[in-house]
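These protein sequence lines map, in sequence, to chains A and B.
With positions in the first sequence counted from 1, the corresponding number in our numbering is that position plus 243.
With positions in the second sequence counted from 1, the corresponding number in our numbering is that position plus 243.
No lab work stands behind these hints, which were simulated from the structure alone.
Mixed in with the good hints there might be a few duds.
No distinction is drawn between identical chains; accordingly, a pair holds when it is met within one copy or between any pair of copies.
In the DSS-like style, the derived pairs of lysine-lysine whose C-alpha atoms are separated by at most 30 Å in a straight line are [stated by the list, open to error]:
id: 1; residue 1: K415; residue 2: K484
id: 2; residue 1: K584; residue 2: K282
id: 3; residue 1: K470; residue 2: K264
id: 4; residue 1: K584; residue 2: K264
id: 5; residue 1: K412; residue 2: K484
id: 6; residue 1: K264; residue 2: K582
id: 7; residue 1: K397; residue 2: K282
id: 8; residue 1: K397; residue 2: K470
What follows is the residue order along each chain.
Number of protein chains: 2
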Amino acid sequence: MAKHVSVGLLGLGTVGSGVVKIIENHQDQLIHQVGCPVKIKKVLVRDLYKKREVQLDSSLLTTDVNEVIQDPDIDVVIEVMGGVEETRQYLLTALKNGKHVVTANKDLMALYGTELLAVASENGCDLFYEASVAGGIPILRSLVDGLASDRITKMMGIVNGTTNYILTKMSKYGRAYEEVLAEAQALGYAEADPTSDVEGLDAARKMAILARLGFSMNIDLQDVYVKGITGITEEDLNYSKRLGYTMKLIGMAHRDGEKVEVSVQPTLLPDSHPLASVNDEYNAVYVYGEAVGETMFYGPGAGSLPTATAVVSDLVAVMKNMRLGVNGRSAVMPQYNKKLKTNSEIFSKYFLRIHVKDQVGAFAKITSLFSERGVSFEKILQLPLKEKDLAEIVLVTHKASLKDYEEVLQQLRDLEVVAEVKSSYRVEGDGVL
Amino acid sequence: MAKHVSVGLLGLGTVGSGVVKIIENHQDQLIHQVGCPVKIKKVLVRDLYKKREVQLDSSLLTTDVNEVIQDPDIDVVIEVMGGVEETRQYLLTALKNGKHVVTANKDLMALYGTELLAVASENGCDLFYEASVAGGIPILRSLVDGLASDRITKMMGIVNGTTNYILTKMSKYGRAYEEVLAEAQALGYAEADPTSDVEGLDAARKMAILARLGFSMNIDLQDVYVKGITGITEEDLNYSKRLGYTMKLIGMAHRDGEKVEVSVQPTLLPDSHPLASVNDEYNAVYVYGEAVGETMFYGPGAGSLPTATAVVSDLVAVMKNMRLGVNGRSAVMPQYNKKLKTNSEIFSKYFLRIHVKDQVGAFAKITSLFSERGVSFEKILQLPLKEKDLAEIVLVTHKASLKDYEEVLQQLRDLEVVAEVKSSYRVEGDGVL
Numbered sequence: 244m245a246k247h248v249s250v251g252l253l254g255l256g257t258v259g260s261g262v263v264k265i266i267e268n269h270q271d272q273l274i275h276q277v278g279c280p281v282k283i284k285k286v287l288v289r290d291l292y293k294k295r296e297v298q299l300d301s302s303l304l305t306t307d308v309n310e311v312i313q314d315p316d317i318d319v320v321i322e323v324m325g326g327v328e329e330t331r332q333y334l335l336t337a338l339k340n341g342k343h344v345v346t347a348n349k350d351l352m353a354l355y356g357t358e359l360l361a362v363a364s365e366n367g368c369d370l371f372y373e374a375s376v377a378g379g380i381p382i383l384r385s386l387v388d389g390l391a392s393d394r395i396t397k398m399m400g401i402v403n404g405t406t407n408y409i410l411t412k413m414s415k416y417g418r419a420y421e422e423v424l425a426e427a428q429a430l431g432y433a434e435a436d437p438t439s440d441v442e443g444l445d446a447a448r449k450m451a452i453l454a455r456l457g458f459s460m461n462i463d464l465q466d467v468y469v470k471g472i473t474g475i476t477e478e479d480l481n482y483s484k485r486l487g488y489t490m491k492l493i494g495m496a497h498r499d500g501e502k503v504e505v506s507v508q509p510t511l512l513p514d515s516h517p518l519a520s521v522n523d524e525y526n527a528v529y530v531y532g533e534a535v536g537e538t539m540f541y542g543p544g545a546g547s548l549p550t551a552t553a554v555v556s557d558l559v560a561v562m563k564n565m566r567l568g569v570n571g572r573s574a575v576m577p578q579y580n581k582k583l584k585t586n587s588e589i590f591s592k593y594f595l596r597i598h599v600k601d602q603v604g605a606f607a608k609i610t611s612l613f614s615e616r617g618v619s620f621e622k623i624l625q626l627p628l629k630e631k632d633l634a635e636i637v638l639v640t641h642k643a644s645l646k647d648y649e650e651v652l653q654q655l656r657d658l659e660v661v662a663e664v665k666s667s668y669r670v671e672g673d674g675v676l
Numbered sequence: 244m245a246k247h248v249s250v251g252l253l254g255l256g257t258v259g260s261g262v263v264k265i266i267e268n269h270q271d272q273l274i275h276q277v278g279c280p281v282k283i284k285k286v287l288v289r290d291l292y293k294k295r296e297v298q299l300d301s302s303l304l305t306t307d308v309n310e311v312i313q314d315p316d317i318d319v320v321i322e323v324m325g326g327v328e329e330t331r332q333y334l335l336t337a338l339k340n341g342k343h344v345v346t347a348n349k350d351l352m353a354l355y356g357t358e359l360l361a362v363a364s365e366n367g368c369d370l371f372y373e374a375s376v377a378g379g380i381p382i383l384r385s386l387v388d389g390l391a392s393d394r395i396t397k398m399m400g401i402v403n404g405t406t407n408y409i410l411t412k413m414s415k416y417g418r419a420y421e422e423v424l425a426e427a428q429a430l431g432y433a434e435a436d437p438t439s440d441v442e443g444l445d446a447a448r449k450m451a452i453l454a455r456l457g458f459s460m461n462i463d464l465q466d467v468y469v470k471g472i473t474g475i476t477e478e479d480l481n482y483s484k485r486l487g488y489t490m491k492l493i494g495m496a497h498r499d500g501e502k503v504e505v506s507v508q509p510t511l512l513p514d515s516h517p518l519a520s521v522n523d524e525y526n527a528v529y530v531y532g533e534a535v536g537e538t539m540f541y542g543p544g545a546g547s548l549p550t551a552t553a554v555v556s557d558l559v560a561v562m563k564n565m566r567l568g569v570n571g572r573s574a575v576m577p578q579y580n581k582k583l584k585t586n587s588e589i590f591s592k593y594f595l596r597i598h599v600k601d602q603v604g605a606f607a608k609i610t611s612l613f614s615e616r617g618v619s620f621e622k623i624l625q626l627p628l629k630e631k632d633l634a635e636i637v638l639v640t641h642k643a644s645l646k647d648y649e650e651v652l653q654q655l656r657d658l659e660v661v662a663e664v665k666s667s668y669r670v671e672g673d674g675v676l
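Chain A with its partners taken away, still in its complex shape:
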C-alpha cells in the first residue's frame, strides 16, 4: 500500500469543511485503523478567494475539476458539492479513471445511483454514499451488513430534519407554519428556497435509496408517492393530539410478498410509536425485519460534522479495502425485479376532516357512503363550527385500500351536504405492520 492515501475533494461548503476538520483532527485514529495517513491533495471550489471556515493552503484549491478527477495521484474523490447532471459527469470520469468515490449527494444517488454503482463495479472502484441518507446515522451500512441475514418488510423514516423541526414546533407550541419556517431558515435548518424540503422531495430521494437497499430492488424516484407538509393546519395538529396521534412527515417503504409501496406523506403516528418522540431537527429510521422485529436508528440528519462523520467513515471503508486489495467488490446488485403495488393493494387507516352542512341526515349520508365501500370507522367526532350552518366531522377509518378510500373521497366531494373536505392523512396502525 502507498505511504499515504490521496484524497481530492469536490466542494468545500458546509459538509466539505467538516470533512477537512475530521481528517485533520482524527488523523492518528485514521492511521491506526487503516495503516497510513490521509492527505487532502486538491479541493475543487467555485471561488479561490472566498473566506472559509477551514484554513487550507491556497495551493490546494482549484477551480478546475480536472485537477481532481484527472490527477493520477488521487486515490479517492469525495463529492460534497451537490448538483446532479454536471456532478454525475465528474463522478463518471473519476470512476473511469479508477478513483474510488465517496458522496453525500442524495439527489444524484436517487436519480443515477444504479448507473454510478455499475460503472464503479466495472472499474474496480468503491462507491459509498452513507452520508446521502440521514446524515450521521449509519443506516445504509446497518441495512447492508448489520441486517444482512434478515428480510426487511418495512422501513419508516423521519429523514428530513427541516420538516421535522417545523412540525415539532407547530405541534408543541401551536405556532404557525410560516413563522416556524422563517425561524428554521434563520437557524440554517431550512434553505432560502425550502420547496424541496417542505414538499417532501428531499425525503423521497432518501426513501428511494433506502428502499433500493432494504428491498434489494431497483426503486426509482418516480416510484415514490410524495406529499409535503405545506397544507397542514393548526386544526389538523390539534385533532391529531386529541386522538392520541403525533403528526410527522414519514417516508414509508413497505413490502408485502413480492410487491412494494414507497411514499412520503404527513402521517399520524400513535403517540407510543418509537418515531413519535423523534423531535426537532433529528432524524430516525425505523426498520422492521421478519426475524429481528422492530429496530430504530436515531441521530442527527444533517449538519457539517455529523454528515462529515458519515463521509469520512466511508473513506475509512475505502482505505480498509485498499489495504486488503478488494475495492469494488462489495456492492451487491438488486436481487428482485421491481414490483409495485397498485392502489387496491395499498392498505392503510386514514384521518379525514370534513365540513358539512348542518342538515338533518347529513351525517347519515356521509357514513352510508363509507359503508357502501366497506370502509368502517375507528374513531369519529362531530363538532359545531362557528360558521353558521356548518359542522365539522373528524374521523379515523379502519384499514381500507387506497383505491376504495380515494373513491370515497371523490364521492364525498361530490355530495351536496359536504361543504369542503378540509384534510386527509395517512394513519399508521398500532400493530407493528
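Chain B: place on chain A using the hints.
Frame of chain A, contents of chain B only:
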C-alpha cells in the same frame, strides 16, 4: 470459492434454533449476497433425543464436540451454547484449526475476547460477535464501521432486557419487584436464577465489550463498577417521577481526555432523554461522538430470531470475506492504553433519600455537611413520615466528584440526626455530556 460453505453449530437452544430457521428460510437471499449456499453440517447438542423446535436430520446431531471443531470440512463454527471455560477451549481449538467463529457469548467475550481475537488473527480467521451485545441491534458494527471516523466520548446503554422489563412495569403500574420478576420469568424474559440480570452483571459484560470497541482500549470486566436493581423501591420510583426523571438500569462508558469510567447502575434519566422512553424488554444504546453528536440504536435485545439475525449477519460477513480471501484481517487492535478515572475524576449528580429525626436543626446539620464538601443541591424535598419523629428528605445534588459524594454519604450515616440513608442513585444530567 467452494460450492457451499459448511457450518458447524455448537448448541441448539433458543438462539441456535433461530439460526437454523434463518439459514433455512433466507437461503436464496444468502446465496444472492455471498454467491453460494450455506449448509449446516453438524450440530453439537447435549441430548440427541430431546424434542426441539426445529427439525434437523438426526445424522446432523452429535454429542461429540470434535465432530464440529476437528472436522476439516467445516468452515465456520457458530457458538450458541453459552458457558465460559469449556467453550473457550472449544473455540480456541476451532480457531487453531483454521475455522472462522461467530459467537453470541457475551460472558466469554467479556472475559476472553482479547485472547480469542488475537488467536483468530494469528490463524487468519474471522471472529465476529455482534449478537453478544444488544441482540438484534447491529451496534458493534456501527461502532467499528459506521462511526469509524469519529471519536466516541460517551456510550449509555439499556443492554439488559430483563431489568428493563421489570423497571418499566414497576414504574408504570406501581407494581412490586417480586411480582414483576415472577411474571418476567413466566414470560421467559428472566431466567429461573435471575441473579446475573438483576445484579447488573450481564449488563456489565456487555458494557466491557462496548467500551473496548468504542474507546479502542482493553477494558476488562473488573473495570466496570456494578450495582443492580434489587434495592429499588416504589418510593424511589415515585420520587423519580415527581422530579421529572425515569429510572433505568444504565450501562455507562465515559471518556474524558485519555481517561475512562465504565459502570452499570440504576440511573435517573431526565424524562426527555432518548433512553427514557425505551420500555419493556427493548434495548437501546446511546452513543455520543465528538463529530456526530447524539445517536441512538434501538431494538430487541434478546429472543431467538432477533439474536439469530445478528449471528447470521456475522456469518454473511465471514462468507463475504471468504469470497474476497480476506478473512482474519479486519480486526483492529486497541489503540490506547487503558487509563481508568479515579473517584475524584468521576463527576455526576446524585439522588439521595434519607430518613432524619424530626429535631430542630436537623435539616441545617445535613445541609452544612454537604456544603463543607462543596456539594450543592439542585432539588430538595422534605416531607413528614408516618413513623413518629421522622422526616424524609429527598435531594438531587449538582455535579460532584464521586470521592466527595461518598465521603458525604459516610458522614451522613455517622450523623446522629440521620436515622437511615434509604437510597442513593446516579442522576444523568440534562446536557449531552
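Hint check results:
1. K415 with K484: Both, since 10 Å and 21 Å are each at most 30 Å.
2. K584 with K282: The answer is neither: 48 Å in one copy and 35 Å across copies each exceed 30 Å.
3. K470 with K264: For K470 and K264, the Cα distance exceeds 30 Å both inside one copy (37 Å) and across copies (40 Å).
4. K584 with K264: between (45 Å within a copy, 29 Å between copies)
5. K412 with K484: both (14 Å within a copy, 25 Å between copies)
6. K264 with K582: between (44 Å within a copy, 27 Å between copies)
7. K397 with K282: Answer is between: at 29 Å across copies they meet the 30 Å cutoff, but 41 Å inside does not.
8. K397 with K470: within (19 Å within a copy, 38 Å between copies)
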